[in-house]
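Asker: Letter by letter, the chains look like this.
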Amino acid sequence: MRFGKPVGKSDKLFYLSLMPFAALILATFTLIFIALVKESIPIFLKEGPRFILSATWAPSERSPSEEFYGVLAPIIGTLITSGVAIVIALPVALALTVFLEEFIPPNIKGVLSGLVDVMAGLPTVLYGLWGAYVLAPFLKTYVLATLHKGLSWLPLFSCTPATPYTLLTAGVLLSIMVTPFLTSLTREAYELVPYTYREAALSLGLTRSEYITLLLSLIRPAVTAASLLSLGRAVGETIAVSMTVGNSFALTTCLLSPGYTVSSLIANQFSNAGFYRYMTSALYGAGLALLLTGLGLNLVGLKIMSEWRSGLHG
Amino acid sequence: MRGRRAALGFAFLIAVIAAVTAFYFTGMQTSSHQVVRLRGSGATFPQPQLEAWMQEFMKAHPNVEVEYSGVGSGAGQEQFFNGLTDFCGSDPPLTHEVWVKHRGEVLQIPYVLGAVTVVYNLPELSGDEHLNVSGEVLALMYSGQIKYWDDPRILALNPALKDVLPHREVVAVHRSDASGTTQIFTTFLHSSAPTQWPDRLVGKTIDWPVDSTGRGIGGKGNAGVTAVVVNTEYSIGYVEWSYAIKNRLRVAAVLNREGKPVLPSMKSIQEAASQSLTSGLIPLDPREDFSKELQAIVNPPGDGSYPITSFSHIIIWTNYTDRGKQEALREFIMWIMKEGRNYMVPGYAPVPQQIAEIGFKAAEILASP
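Going down the list, the sequences are from chains A and B.
First residue of the first sequence: 0, per numbering that gives the first Met the number 0; consecutive thereafter.
First residue of the second sequence: 0, per numbering that gives the first Met the number 0; consecutive thereafter.
Extracted from the complex, chain B is given alone in its bound form:
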């Protein structure tokens, strides 16, 4: 009796193992049928948008699998140039030195627009009011020279809030990790207030002057800055637009080059991108040097431009040894430029048509043998 039972159990076990194995291998065979896998890594800022696009793209192209991991622009570039990934997502374009080194081998495609928003925690302000700030006021806050919220320089920009802004200390919140967001924000401060915010205070991580006054706080990542601003009354900070939307933070209007206070919106960001082209600093060819691009898009002309706008880039090789990969990448880039605008995630904006042409040109280059 017992022996029979054991034999039955054993047979069952064998059957299961056989079934699973068979299933596994047939599955493998059908799925390995010409599937191209693209691997990318880099900036975390466009990740929600990029992932939404990857999902839609893969639905339309079942033969391509795209993976992306958010490791930061710097690490993304390193992994790409070390051959670990097929493409790189980077907020800043390649620096001039790196571009020269890989001239002709790499293509840079500005593929999505984002904005850095100024957020604040002022319990006194009601829901329908918003703060206006200028680059100069922000520079003075982050250098510790504006100490209180009722400072005349803040009041001058906010006549409607004259009786609302309190005599409380300003807490300036910044990133504690190196970040493209900080680079964009400090580039804006320097561009709009060069005397108050000198060149040496521009970068991905800087020596914040406000820290020495005890009113500066660092938060790690957009999430860290968001948490500090939410928990600290009378604080001001800067985060990517999508974070401000997701966390329902209060967003300030920023004075642009023409002196107009502008809130971030799809329209004001795209306006900034279109205006940035007038500077002539942005080449219209993916093979060219984009290293001066940030100077063009930050604080651009135009009444309706939101001044702290930026591009994010995909960086790829002009030639891949695996032709399948090259073709899949070409399809992916074409798809983003053509269809991407139909699948936008709140907090991002599609690039204007002239910029999209850079992507089409890149696709052309990839298609040529």
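So that you can see chain A by itself, here it is in the shape it has in the complex:
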């Protein structure tokens, strides 16, 4: 539903009074974007594409010409950890959605979904603490070595796990963090499927599993979009990841090795970047890469979501 052009006088006033707020958001975003581009220009001028394609992070206090920054390792680390997060979180979120919507009496459903919402709102540093002190040692003792033993022929698990802080640890923690968010998005979509569809399906005499499969297939675009939005969250998560990923500049595709992500790199090094001529610019450049990735993911996600909504309700 959309209103046409403002007609009456009061309508116009209302419209004008709202406009500055909308403009403010847009202006803020533009300013952030301009700042990122402007500040990252020196590093791109100095290193060119090697800034993105190299994995050496070598600050130097002797002379600025010896400084070299390459952010390939954190970029790959970001993609790996957030990829792992979605791969784990998606099936869990779908199972939770179906469970909450179809199998549970409404009063318990209220409690459970309330709990999921609380989890979505917990401060991320709490997840980080729990991840660093409980989850990481647990994974190290019971999971990492087993994965390595059983699946060492896969490059993903080929390296010996020496530490509890690995790309996989951060990925698992991220999956726990985005599951509540992802669940609430998929639940919303599931509940939005019109009753006419449901009644039609039931009147055809579908079994429960057939019925659920049908409903899930109906919301597939919404699920895709929700996954992309969650991926965006995982990409941007800072503290919790920094506490579990190992903060190590290792260019690797092995999940059992420590690694780095762009967000945790910025969080770790920004406060003292002023010691070096180019590091601030390099961190802005990494931030720009992060913003563009996040923007792309969100745009695609929102587009799929809105297409699906208009398709459903015509």
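FYI, nobody ran anything at the bench for these hints, they're computed from the structure.
There is no bait here: all hints are sound.
Derived SDA-like pairs (lysine to any residue); straight-line CA-CA distance at most 20 Å: (1) B/337 / B/364; (2) B/291 / A/60; (3) B/146 / A/144; (4) B/266 / B/345; (5) A/37 / A/47; (6) B/100 / A/61; (7) B/58 / B/333; (8) B/146 / A/158; (9) A/148 / B/167; (10) B/146 / A/157; (11) A/45 / A/57; (12) B/146 / A/159; (13) B/337 / B/359.
Given the coordinates of chain A, work out where chain B should sit on it, guided by the hints.
Answerer: Below, chain B without anything else, positioned relative to chain A:
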């Protein structure tokens, strides 16, 4: 009836507001009576010690208020030179370039001693045993060339632990943020093993060679490194001494220049500071250039010197437009040098007498018109 009640309530409200306002303003008047406020920011490493001193100092000098925020040495210097603060706490002294730029305007005072301790997580070691390490072994660990704890080069330093050290991979833990601690630690590695640890790997944040082997981990701040070492069996790391004490971490003895393994202690740290003066690299005047000081205090001579020791500095102007501030700073510095040693926090050591003279000289300069 109702009107009367409302009137009473209203009167009560007015009375409260009047009382609070009166109290506030009288309070303001008495407290604004010649109180001088000193603001400082900078290194986090000496913060617990500095805060303990500030507390005691303010008890003795109720007319002075000192505030300090731990923002890191780099940010502290920036805020000081931009005029946001009255003094700066910095672990490293000013670099030569910065000192030249402000020559004659600034005073640097080494005011407290600290140490970087090597900590480890080896479940096999019992409480009364401790590990010995040398700069060379540490350099080989942090460059990834020593892979296992039972490496012959480690065993050679630890004959007593021959059957205890396991065939497990060494995990080397370092800082993930730029830090003076890393600078001191890498300066020591380069000083004691220049071939294994070249000059380009010295700094506040460096490209750790061990990271590419998958056995290097970064932790943010002393707290982050502590957490990683505590949670990672067979790891080794470096933290400020006070953190090792507070968290009851196992501390290694480090081979000093004379080849003697020395544990960090008040005595071994002060010994290192006294010995560092023999190098001639540390000037005894706060107006001079301290930029070579780290080379002197890290890995100094002396059988009893703990080799990874460092000074922390207060950096101030020689002249303040506000004379009250200048006098308060003078009192604060005098107090630290005279009384400070009576209020030490575990993990720090007072500077030896010759160094304290630098502080007295600074106080003299501040007192001159």
